[in-house]
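Chain by chain, the residues run as shown.
Number of protein chains: 2
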Amino acid sequence: MQINVGILGLGTVGGGTLQLLQRNAKLIQRRTGCEIGVTAIVVKNLEKARPLAFDAALLSNDPDAILNDPSIHIVAELIGGVAPARDYVLRAIAAGKSVVTANKELIAKHGAEIMAAADQAGVDFRFEGSVGGGIPLIKPLRESLAGNHVRQLMGIVNGTTNFILTKMTREGRDFEEVLAQAQALGYAEADPSADVDGYDTMYKLAILAGIAFGAPVSIQDIYREGIRHVHARDIEYARELGYVIKLVALARQDPDGEIELRVHPALLPTEHPLANVNDVFNAVFIQGDAVGDVMFYGRGAGSDPTGSAVVGDIIEVARNLCRGKSGQLASEAAHPLRIKDFADVETRFCVRMQVADRPGMMAQIATVFGEKGVSIESIVQKKSDGETAEIFWMSHRTTQRAMARSLNEFNRLDAVRDVASVIRVEGE
Amino acid sequence: MQINVGILGLGTVGGGTLQLLQRNAKLIQRRTGCEIGVTAIVVKNLEKARPLAFDAALLSNDPDAILNDPSIHIVAELIGGVAPARDYVLRAIAAGKSVVTANKELIAKHGAEIMAAADQAGVDFRFEGSVGGGIPLIKPLRESLAGNHVRQLMGIVNGTTNFILTKMTREGRDFEEVLAQAQALGYAEADPSADVDGYDTMYKLAILAGIAFGAPVSIQDIYREGIRHVHARDIEYARELGYVIKLVALARQDPDGEIELRVHPALLPTEHPLANVNDVFNAVFIQGDAVGDVMFYGRGAGSDPTGSAVVGDIIEVARNLCRGKSGQLASEAAHPLRIKDFADVETRFCVRMQVADRPGMMAQIATVFGEKGVSIESIVQKKSDGETAEIFWMSHRTTQRAMARSLNEFNRLDAVRDVASVIRVEGE
Numbered sequence: 139m140q141i142n143v144g145i146l147g148l149g150t151v152g153g154g155t156l157q158l159l160q161r162n163a164k165l166i167q168r169r170t171g172c173e174i175g176v177t178a179i180v181v182k183n184l185e186k187a188r189p190l191a192f193d194a195a196l197l198s199n200d201p202d203a204i205l206n207d208p209s210i211h212i213v214a215e216l217i218g219g220v221a222p223a224r225d226y227v228l229r230a231i232a233a234g235k236s237v238v239t240a241n242k243e244l245i246a247k248h249g250a251e252i253m254a255a256a257d258q259a260g261v262d263f264r265f266e267g268s269v270g271g272g273i274p275l276i277k278p279l280r281e282s283l284a285g286n287h288v289r290q291l292m293g294i295v296n297g298t299t300n301f302i303l304t305k306m307t308r309e310g311r312d313f314e315e316v317l318a319q320a321q322a323l324g325y326a327e328a329d330p331s332a333d334v335d336g337y338d339t340m341y342k343l344a345i346l347a348g349i350a351f352g353a354p355v356s357i358q359d360i361y362r363e364g365i366r367h368v369h370a371r372d373i374e375y376a377r378e379l380g381y382v383i384k385l386v387a388l389a390r391q392d393p394d395g396e397i398e399l400r401v402h403p404a405l406l407p408t409e410h411p412l413a414n415v416n417d418v419f420n421a422v423f424i425q426g427d428a429v430g431d432v433m434f435y436g437r438g439a440g441s442d443p444t445g446s447a448v449v450g451d452i453i454e455v456a457r458n459l460c461r462g463k464s465g466q467l468a469s470e471a472a473h474p475l476r477i478k479d480f481a482d483v484e485t486r487f488c489v490r491m492q493v494a495d496r497p498g499m500m501a502q503i504a505t506v507f508g509e510k511g512v513s514i515e516s517i518v519q520k521k522s523d524g525e526t527a528e529i530f531w532m533s534h535r536t537t538q539r540a541m542a543r544s545l546n547e548f549n550r551l552d553a554v555r556d557v558a559s560v561i562r563v564e565g566e
Numbered sequence: 139m140q141i142n143v144g145i146l147g148l149g150t151v152g153g154g155t156l157q158l159l160q161r162n163a164k165l166i167q168r169r170t171g172c173e174i175g176v177t178a179i180v181v182k183n184l185e186k187a188r189p190l191a192f193d194a195a196l197l198s199n200d201p202d203a204i205l206n207d208p209s210i211h212i213v214a215e216l217i218g219g220v221a222p223a224r225d226y227v228l229r230a231i232a233a234g235k236s237v238v239t240a241n242k243e244l245i246a247k248h249g250a251e252i253m254a255a256a257d258q259a260g261v262d263f264r265f266e267g268s269v270g271g272g273i274p275l276i277k278p279l280r281e282s283l284a285g286n287h288v289r290q291l292m293g294i295v296n297g298t299t300n301f302i303l304t305k306m307t308r309e310g311r312d313f314e315e316v317l318a319q320a321q322a323l324g325y326a327e328a329d330p331s332a333d334v335d336g337y338d339t340m341y342k343l344a345i346l347a348g349i350a351f352g353a354p355v356s357i358q359d360i361y362r363e364g365i366r367h368v369h370a371r372d373i374e375y376a377r378e379l380g381y382v383i384k385l386v387a388l389a390r391q392d393p394d395g396e397i398e399l400r401v402h403p404a405l406l407p408t409e410h411p412l413a414n415v416n417d418v419f420n421a422v423f424i425q426g427d428a429v430g431d432v433m434f435y436g437r438g439a440g441s442d443p444t445g446s447a448v449v450g451d452i453i454e455v456a457r458n459l460c461r462g463k464s465g466q467l468a469s470e471a472a473h474p475l476r477i478k479d480f481a482d483v484e485t486r487f488c489v490r491m492q493v494a495d496r497p498g499m500m501a502q503i504a505t506v507f508g509e510k511g512v513s514i515e516s517i518v519q520k521k522s523d524g525e526t527a528e529i530f531w532m533s534h535r536t537t538q539r540a541m542a543r544s545l546n547e548f549n550r551l552d553a554v555r556d557v558a559s560v561i562r563v564e565g566e
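The listed protein sequences correspond, in order, to chains A and B.
Taking the working numbering, I'd label the letters of the first sequence as residues 139 to 566.
Taking the working numbering, I'd label the letters of the second sequence as residues 139 to 566.
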């Protein structure tokens, strides 16, 4: 049996998918037990030069060339974004086609709707490439670890910000400077917001947490903070204390079932496995009640790695089709997630501030922390010019509420000239 | 639909599996869409005290209580070893039952036979727990990475030897001393051979390589060397040069298709991801032609982690059964593996030797290396007492044949008092 694949979108991931299906066709046929052929490719711009070898007759700029072609079994949606991808995916499913995608935004925003449609139509819908590039994550989490209550999931899932933070750490340079270089190298977009403000990480966390807890996660429930406010000096202080700073995606379930979902920079102890995940590499650390700690590590983006994930999904769907069945996992029985009020979430904090260097100042600030319920573990004071000193406070675990109240109070405090940064501590 | 599971063997893994199925029954039912119940447990000794809570009426010492009970859908074979496990597994399959196991020796020695029987009977046979405890490995390798040609696979897959080497490294102590302590702590068996001589690692490599290359691997084709000959001094020298010593399982496919399979201690650069896998943790590093480098890390043994893998398999088989189908992946089309002659395998080497400390000695040894085709990268000489010096040679890549011939020649050389150790270098 020949399985026909239609590819929507021939950018980085679409091109990688096409090339891999061609290059490893023999291997894939052996492993699938059936032939997989790309029989249609839809792009926006037919005129664009593409460094790919394929039969030009397959190319069209009309999505109906795939969506309305009854001979196509699997649609690989590799356009990205919500519109028109959502529409295409739903139409493909309605037409009885299985769908494979790497579209994190689409799944984070409309995954539940699409999965329900796929369930109803009895077709496969898979999205391994949407998180962590080629690193197997969704499938191991959903299937291999299915016997576990996931207690915590913490990941570095955005290559751009990890590249920037790694470079800032190695070279002691500041954010804006490194961002400009990353843009020049093509590692960051001209508009870098999706990466550096944490949106991309947030979408991926929504997907992973949805799988881990077996129910849709709304991105509205995720606290999100990017890396624009991380300074070289924060990284330097952190290093002195034995930490590195990473942008983490974190989902945690309390013993009483309440869930925390957050994306923010965090100090991680240098000996934590995620602390050594550098450059564009990604890794996800999962703690299950039975399995303990497991970590998945690899290249989180790029044409070949993400192509590997998309092709892995295509192979699995093809195996199912060749054997005349859908492998779609029925959605779990509905059970609403209880999201913890963010103000109640407890973390440790690092606070770097510029203060008036005068007697009693330290006691004044410490008193505020104490009154608001923030207990301090350590203090590093540096760089006083006789007038202004810089202090780095490290707190014990405290609620977001208590820290927000302290910071609020500092606004009114003469001695505190500026709160330069507030960064959480994780992985301890 | 209720899925009935029979558990053969109630040791560490059997106990962990039973407990996890009980503890997370609600979660598992939600995720599976059907109820999974353990309806029979077979043990050798009915009288043995067990710290487990279960209905004593389920217990029997007669394997037929499971194998001949038509109401049992899934058999979890958790006895270990080849006999009688092989017989039980084949009988279960012949009776139309799906089988889940964590038995590495059985799969390494009889996997092909059992998989063929399962294919023919149309039942599932799964063995995620056989390698790496709870770390998802088999399934991601077989399914998520199916679009890749695996170029290399290198892993630390034996917790006992990793615990011993980690302790030797941290405390500068010698093998025998640390082994005795590991035995006292219960991390090593009274007869430690299966672990320290590399048999356990060899079985696991056979399983992983069989999946990676899509064809059965015979353990006869695996070069195997344990850690008994690794000395504190080797570890110390290695550290000075920026390496740690680990027992690695390694499978590599050349561009021309020839395969190397070996288990031996190896020097790994300290910055290699596997170099930081310590104590009883396991990790497997896989290089695919599309995905690049990916690594899987976690607890490689123990009742809960391995139970997690076994339960993951049971859940998957149950999902298939509830939907009235087998999820068994048909075996790949046969394609014989070409195993490289071990003498032709190229590696770098470290050779530590005691030599007569006299003029011309260094030149004499270097000449032998040169004549046999071993090119030297660096030399560290230490600890001369005026009579005997200790030298640590680090070679460039060379064949096993060339090194064997050099070592042979040293036997005849007066200047070489003793070749204390020969350890390969990997991960560069």
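To be clear, the hints were calculated from the coordinates, so they are not data collected in a lab.
Do not take every clue at face value.
Given that identical chains are not distinguished, each listed pair holds provided it fits within a single copy or across any two copies.
With a cut-off of at most 30 Å between alpha-carbon atoms, the simulated BS3-like pairs for lysine-lysine come out as follows [as the list claims (entries may be wrong)]: (1) Lys478 <-> Lys510; (2) Lys164 <-> Lys305; (3) Lys521 <-> Lys478; (4) Lys164 <-> Lys520; (5) Lys247 <-> Lys164; (6) Lys164 <-> Lys521; (7) Lys510 <-> Lys520; (8) Lys182 <-> Lys510; (9) Lys186 <-> Lys510; (10) Lys521 <-> Lys305; (11) Lys186 <-> Lys305; (12) Lys478 <-> Lys520; (13) Lys247 <-> Lys510; (14) Lys186 <-> Lys520; (15) Lys520 <-> Lys182; (16) Lys521 <-> Lys186; (17) Lys521 <-> Lys247; (18) Lys164 <-> Lys478.
30 Å Cα threshold - placement of Lys510 relative to Lys182
Intra 56 Å, inter 62 Å, cutoff 30 Å: neither.
30 Å Cα threshold - placement of Lys510 relative to Lys247
Intra 37 Å, inter 64 Å, cutoff 30 Å: neither.
Between Lys164 and Lys521, at a C-alpha cutoff of 30 Å, which is it: within one copy, between copies, both, or neither?
Answer is neither: 64 Å inside a copy and 57 Å across each miss the 30 Å cutoff.
Checking an output row: Lys478 and Lys520, CA cutoff 30 Å. Within, between, both or neither?
Result: close neither inside a copy nor across copies, 37 Å intra and 61 Å inter.
As a check of your reading, is Lys247 near Lys164 (CA-CA no more than 30 Å) within one copy, between copies, both or neither?
For Lys247 and Lys164, the Cα distance is within 30 Å only across copies (28 Å; inside one copy 37 Å).
If the cutoff is 30 Å on CA atoms, where do Lys521 and Lys247 land: within, between, both or neither? Let me know, please.
For Lys521 and Lys247, the Cα distance exceeds 30 Å both inside one copy (46 Å) and across copies (66 Å).
Using 30 Å as the alpha-carbon threshold, which applies to Lys521 and Lys305: within, between, both, or neither?
Within one copy, since 24 Å is at most 30 Å while 42 Å is not.
Can you give me the call for Lys164 and Lys478, within, between, both or neither, at a CA distance of at most 30 Å?
Only across copies: Lys164 and Lys478 sit 22 Å apart there, 50 Å inside one copy, limit 30 Å.
Copy assignment of Lys520 with Lys182, given that the CA separation must stay at most 30 Å
Neither way: Lys520 and Lys182 sit 56 Å apart in one copy and 68 Å across, limit 30 Å.
Within, between, both or neither, where Lys521 and Lys478 count as close if Cα-Cα is 30 Å or less
The answer is neither: 39 Å in one copy and 62 Å across copies each exceed 30 Å.
Cα distance capped at 30 Å. Does Lys186 pair with Lys510 within a copy, between copies, both, or neither?
neither (60 Å within a copy, 57 Å between copies)
For Lys478 and Lys510, with the copy left unspecified, which applies at a CA distance of at most 30 Å: within, between, both, or neither?
Result: close within a single copy only, 21 Å intra versus 69 Å inter.
Violated hints, in rising order: 2, 3, 4, 6, 8, 9, 11, 12, 13, 14, 15, 16 and 17; the structure is consistent with all others.
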